[in-house]
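4 protein chains.
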Amino acid sequence: MPSDLTAVCLVCTLKPSPAESSAELLGSQLMDALEAVGVSGTTIRVVDHDVKPGVEADMGDGDEWPAIREQIVAADILVMATPTWMGHMTSVAQRVLERLDAELSEKDDLGRPNMFDKVAVAAIVGNEDGAHQITAELFQALNDIGFTIPAQGVTYWNGEAMGSVDYKDLEETPPKVASTTKSVARFAAHLAEVLQSARYPVPVEG
Amino acid sequence: MPSDLTAVCLVCTLKPSPAESSAELLGSQLMDALEAVGVSGTTIRVVDHDVKPGVEADMGDGDEWPAIREQIVAADILVMATPTWMGHMTSVAQRVLERLDAELSEKDDLGRPNMFDKVAVAAIVGNEDGAHQITAELFQALNDIGFTIPAQGVTYWNGEAMGSVDYKDLEETPPKVASTTKSVARFAAHLAEVLQSARYPVPVEG
Amino acid sequence: MPSDLTAVCLVCTLKPSPAESSAELLGSQLMDALEAVGVSGTTIRVVDHDVKPGVEADMGDGDEWPAIREQIVAADILVMATPTWMGHMTSVAQRVLERLDAELSEKDDLGRPNMFDKVAVAAIVGNEDGAHQITAELFQALNDIGFTIPAQGVTYWNGEAMGSVDYKDLEETPPKVASTTKSVARFAAHLAEVLQSARYPVPVEG
Amino acid sequence: MPSDLTAVCLVCTLKPSPAESSAELLGSQLMDALEAVGVSGTTIRVVDHDVKPGVEADMGDGDEWPAIREQIVAADILVMATPTWMGHMTSVAQRVLERLDAELSEKDDLGRPNMFDKVAVAAIVGNEDGAHQITAELFQALNDIGFTIPAQGVTYWNGEAMGSVDYKDLEETPPKVASTTKSVARFAAHLAEVLQSARYPVPVEG
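Chains as they are written, first to last, in the working numbering: chain A, 1 to 206; chain B, 1 to 206; chain C, 1 to 206; chain D, 1 to 206.
No lab work stands behind these hints: they were computed from the structure.
These numbers were taken from a predicted model, which means no experiment stands behind them.
Hints are supplied without guarantee of correctness; some may be wrong.
Copies of the same chain look alike in the list, so a pair counts if it works inside one copy or between any two.
Unchecked claim - Result set (DSS-like, lysine-lysine): computed pairs, CA atoms no more than 27 Å apart in a straight line: (1) 107 / 52; (2) 176 / 107; (3) 107 / 15; (4) 52 / 15; (5) 15 / 168.
Next up, chain A with everything else stripped away, as it sits in the complex (with noise of 0.2 Å):
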């Protein structure tokens, strides 16, 4: 199944490289497993970079994130990989959200929000629960943002309650997570190539 079809991955850890990150772990698995479905892609730390707190496109001064939303352009797959804290996504990616608010004004040139057409799923990782509320507060605003949702567009792994082990200290992956991964990457390229070639019709004007 070769395709030309990119995905980014956005890892939303709160630790700058090159710290151990079982988010970046979780995310890489699922780009690995895009990559074995003809899917090519990149990987950024988002902590690494200077994003900007705000709602525009470009923040200005020193702001990072022009550079990162680019890549988003560009590509056909976003995936948002992020730790839970507090059982929450990370302030890292509810800052990537923020920031992809300004899409919604930004049009394509068949008049469109500008991430139409492209899929977005999800990776997520804890040591205590949380993935549910994570997985429903990306979507709702991935969604907003103009991205679809492909069928089951999450893996995840968090350990029982009041546990303290990360994913990345696991002894291997397990089972379930490892299909649940590779399923996830085949229903985003099976979307990701469909939409390609039929690209949703414009918003009705209000």
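Position chains B, C and D against the provided structure of chain A, taking the given hints into account.
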């Protein structure tokens, strides 16, 4: 754009017929918009039926879910229409999700979850805020079950904070809500049509 | 620490008695812990009663909510015990919140919402994740109605991601869950006692 | 009602000073209402300070969180004021929660989490809906850290669905919002005072 796509709208108001329902109104506006792009459909007020608590496809003994379920299985698009109570979707909407949980273990003839290749969208009303959170939880749950969420797949209305006006009592439909409703119909119909001719691959076994 | 504080536990499982329920088990452990600090109580499995959909204190015609409501009004502490389905509290728990919505317009003899000076805590179980999100929605809704939430007012257990083990089938209660349950009881009893002798002032009229 | 209670308000707008902020406006109205019932306080616009990502009390190297943290530790009441972006609290608010996560392992001289006996309330604004969901997530996280949530502990304003008006641009504060703000101040001050003279017991060790 004639098609043979069909939609089913589950109205999740707490009020049995024939009481007027804001959720039914917005749901019916979305169904009209779907009709206008060639999608025929049926609307069901769930609370008029005895949907038993549980997570099986058939809870036996007077359970009226199986008849509703059949219509979802037959349709290409599911519209979930719910009011907002305490900032949440209704108990009726959550019951629908619980009953759909059974579909995760039901496979179609290709070995995929039963609800694959179907599209889900939402219509949410409230005299107070809640639409974004309800959208989040509906998308996360419906996506988990296997539905695909089209770009910008929700139409909604809620009044200003601490308000008490109902959508059904507005003098006219706000233009932005009206156009959003039409856009959601377009996007859902587009995606449903595309998925009918490009079915998802099977998940990877875990 | 003898007191005349009382608690009522609403078990929001989807399964009617006498089926075993993990939510009932954790709820009863919390009630035992409350008993140990001098709070006597009653446990009600809500699904065994015909609680009608609606947002009035009495929906008439066979509605069994008023009898449950009376016990909440009489108690100092409300324990909400719910399992996790689709990552959410159950439809039964949401129905309880919907029925409590009526209390916002019911005033006590001081002109305060009916549920003032009462404390609410939660007990949440699931074979999969959801406890933090359910905690969030329970606290927001119960607090809106007038309940006070004591420090660290929730005990919970959920299994590892994509798991299928039930709390009731664990060989033993995890020590951290057991100690958390006891702590929640202590904090709730402390706060309830304090509020009994230092009642909230009246709200400012809007 | 003179007291020596103190409050600190963390304004979590994305906009650095001196830009006008709706969240700061509602936060300051709540601080004024607290002042009127005898609680003195300080307001901090968090984005004006370099709060590093992470979950430690001090992330070193230019981290300005420790100075903010000290003020929270010294105060009896924490006010979290946040705007709504994408239906969520801001990345700045979530960062505050992440940094407060460290307090779970910090014990006071009685062996209790550092933030015990403190009260937390919220002030939320948005041109679109989100206040109930943000309330939920703030209460769950702050309560987890050890804060107590007083009855009806939130004031908020958001405009009608799909709107674009800011709270700061309203011609006058809606009367219901104004009275709610005053009530929240009363309830928070009452509870904080009560907790100062009736401190929580220690948690049960796990």
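Hint check results:
Within a single copy, residue 107 and residue 52 get their C-alpha atoms as close as 23 Å, which meets the 27 Å cut-off; across copies the closest is 34 Å, which misses it. For the homomeric pair residue 176 and residue 107, the shortest alpha-carbon distance between copies (17 Å) is at most 27 Å, but the shortest distance inside one copy (40 Å) is not. In this homomeric assembly, residue 107 and residue 15 come within 27 Å of each other (Cα to Cα) only across copies, at 25 Å, whereas the closest approach inside a single copy is 34 Å. For a Cα distance limit of 27 Å, the shortest separation of residue 52 from residue 15 qualifies both inside one copy, at 17 Å, and across copies, at 10 Å.
Taking the closest pair of Cα atoms, residue 15 and residue 168 come within 27 Å of each other only inside a single copy of the chain (14 Å); across copies the shortest separation is 36 Å, beyond that limit.
Comparing the model with each earlier hint shows no violations; every hint is respected.
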